[in-house]
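K.L.:
Take a look at the letters that make up each chain.
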Amino acid sequence: MSAADTTTAKVPPARQSPPPGPAAGTPGKPGKKSNGGAGIPWLLLAPCLTVLLLVLGYPLVRLVTLSFQKFGQPQLWGFQEAESAGLDNFTKILGDAEFWAVVLRTVLFAAGAVVVTMVLGMLIALLLQRVSGWVKALINIVLVASWGMPIIVATAIFKWLFDADYGVLNWLLSKLPGVDMIGHNWFASGPQGLAVIMLLVVWGAVPFVVITLSAGLTQVPKELEEAARLDGAGAWGVFRFVTLPVLKPIIVMLTTLSVIWDMGVFPQVYVMRNGHPEPEFQLLTTYSFDRAFVVNDYGTGSAIALVTVVLLLGVVAVYMRQMLKIGDVE
Amino acid sequence: MSAANTSAGTAVKAPAAPGPASAQAPAPAPVRAARRPGRSKLGWNLLGLLVVLTAGFPVYWMVNTAFKPAKDAIDPDPHFFPSAFTLENFERALDIADFWGPVLRSLVVSLVVVVIGIAVGLLAALAISRFAFRGRKIVIVGILAVQMVPLVAMIIPVFLLLNDLGQYDKLSGLIITYLTFILPFTVWTLRGFIVNIPKELEEAAQVDGCTRTGAFIRVVFPLLAPGMVATSVYGFIQAWNEYLYALMLMSQQNQTATVWLGNFITKNGTEYAPMMAGSTMMAVPIVILFLLVQRKMAAGLTAGAVKG
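Protein sequence lines, in the order shown, are assigned to chains A and B.
Every letter in the first sequence is one number past the one before it in this note's numbering, and letter 37, counting from 1, is 37.
Every letter in the second sequence is one number past the one before it in this note's numbering, and letter 304, counting from 1, is 634.
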């Protein structure tokens with residue numbers, strides 16, 4: 001039930017009519033229930049807000065202050081007071097060519113992963129509408145299984161699939177005429193290794209996109225498609241001018257979420273590279289982690305993390321705007 | 331707005347087209363429907379099966395490797411179908427390092443997180459879905475925004491905070507950390523479930539003499555139960571699967587299940603068969619749980635940005 005309802009809410013309502021799901025109980029609410037006393041809701045919210053403020057709000061503030069401080073091992077053990085470093089941490093990283101290489105790598109990695117995820121997800125969702133029932137059931141089972149896989153397990157599996165000597169993938173590729181991949185080390189070069197990691201991320205991310213888009217596709221009015229076809233639109237035309245506009249809010253939401261998730265990829269790289277990612281494998285997340293916990297320069301690590309958050313703010317803003325626009329947040 | 335406009339625009343055009351053609355309109359449809367199943371469906375089905383094979387292969391390969399003798403796993407000619415069945419990889423995986431300790435710790439952490447998360451989250455969800463008060467919208471936007479904070483970026487200050495509070499390497503410290511990413515998601519999903527329960531039911535109960543709390547416990551709570559179960563299971567999976575915080579906030583002696591597997595990979599990375607056995611043990615219960623609740627959760631997730 002919830003699947004249908006919430007997706008209905010996500011598809012833009014034809015007119016100003018409020019989305020049927022969440023809005024059903026809401027329009028009259030604000031006026032009616034105000035007799036409950038202003039204190040009760042805050043009382044109910046108190047425990048939740050306390051936890052969030054303590055373990056999320058405070059560290060967020062600390063992250064900002066840390067990034068302006070010189071904070072290393074002595075400060076961690078309390079031998080020395082943390083001293084202000086002004087903008088030192090930032091000038092250090094912004095003037096560092098390696099940092100910019102990491103930024104570029106992260107952006108390319110995330111962009112690649114998002115685009116591949118969204119395109120594959122859309123194609124599979126469209127395919128699901130055209131296959132017989134039993135194939136659809138099979139696809140769904142496989143998708144849910146790969147979606148539910150713990151990331152660490154998925155990483156272990158991909159490490160095994162892409163193993164240089166005994167990996168099944170090298171063996172399969174070598175079956176192609178003229179290709180000899182046995183013993184090929186996928187992780188010898190950064191771009192190739194990151195491509196494998198991207199594949200791992202995409203494999204885990206596609207199911208959610210497919211399932212959400214499929215739910216959205218059921219909301220595309222059949223009459224509109226039929227009308228477009230009668231007007232002479234081909235399959236691509238129908239998709240471009242009917243399906244895509246109806247799905248746009250869902251796509252925006254999925255894309256923003258994917259960007260946030262894919263910019264935050266950490267365990268995949270960390271575990272795949274045995275806990276010590278080589279310089280050409282560093283993404284912003286692992287780089288920040290490395291600075292803080294390996295080099296013990298917590299100030300610089302925080303500055304890098306802060307830059308990551310700032311980079312993502314724009315994407316978050318788009319997501320929030322979309323949520324407000326579709327009226328899910330009334 | 332533009333999306334709504336575009337679809338509205340097409341909608342305006344739509345009635346115009348079938349208007350004159352309405353007499354013929356039903357005719358082409360059956361013809362096309364009749365032609366389609368025969369040939370083109372076969373093509374789509376084949377394509378669909380290709381998707382199944384590609385997407386399902388990693389999972390199949392994990393289970394396949396886990397149950398075949400370790401020497402078969404490193405045979406230069408891979409066996410695609412198991413010829414011999416063995417459990418020795420599982421024994422080896424359990425031998426390498428203490429397995430049940432980490433699993434027990436993961437269980438404790440995940441269960442406590444879920445229980446607290448549901449209790450605290452339910453109160454908050456009630457507040458934002460059943461009460462009107464000043465600042466409600468800000469709270470909602472805040473909870474949504476909090477989900478967007480990349481947790482990886484927060485590891486340094488959280489580590490320092492728990493260090494200062496003396497909670498480093500304590501399960502309680504890990505629990506309270508996990509609450510921060512379970513809570514917003516729980517609140518948001520539960521809110522969705524509550525909003526879908528008609529308020530009239532509660533009002534009717536109140537007319538019949540229930541107090542407001544009584545109406546909630548007797549009417550809303552039973553209707554909410556399935557949603558709460560689904561949310562709990564999903565929260566449990568999230569907590570169980572978390573890796574980075576468990577890695578950083580717990581020492582080697584107190585590692586959780588995911589870190590156990592992570593260590594296995596980084597330290598014994600060449601023992602693939604036992605590694606796949608360990609992976610299977612970690613994944614199968616979680617995937618089954620996931621299969622049970624995914625239908626209910628797929629929607630809530632679009633709003634609850636929790637995975638990874």
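By construction, these hints were calculated from the structure, which means they are not laboratory data.
Possibly wrong hints are sitting among the right ones.
Stated by the list, open to error - Simulated restraints on C-beta separations:
no. : chain 1 : residue 1 : chain 2 : residue 2 : range
1   : A       : Val294    : B       : Ser370    : 50 to 58 Å
2   : B       : Ala414    : A       : Gly133    : 30 to 38 Å
3   : B       : Pro412    : A       : Thr218    : 58 to 66 Å
To be verified - No farther apart than 27 Å at their CA atoms in a straight line, the calculated lysine-lysine pairs in the DSSO-like style are these:
no. : chain 1 : residue 1 : chain 2 : residue 2
4   : A       : Lys175    : A       : Lys248
5   : A       : Lys222    : A       : Lys248
6   : B       : Lys401    : B       : Lys597
7   : B       : Lys401    : A       : Lys175
8   : A       : Lys248    : B       : Lys500
9   : A       : Lys325    : B       : Lys401
10  : A       : Lys222    : A       : Lys70
11  : A       : Lys70     : A       : Lys136
12  : A       : Lys136    : B       : Lys597
13  : A       : Lys325    : B       : Lys371
14  : B       : Lys371    : A       : Lys222
15  : A       : Lys136    : A       : Lys248
16  : A       : Lys70     : A       : Lys92
17  : B       : Lys500    : B       : Lys597
18  : B       : Lys467    : B       : Lys529
We put the CB at the ideal spot given by N, CA and C, even for glycine.
K.L.:
Which of the numbered hints are not met once you compare them with the structure shown?
P.N.:
The structure conflicts with hints 3, 4, 8, 9, 10, 11, 12 and 13, although it agrees with all the remaining ones.
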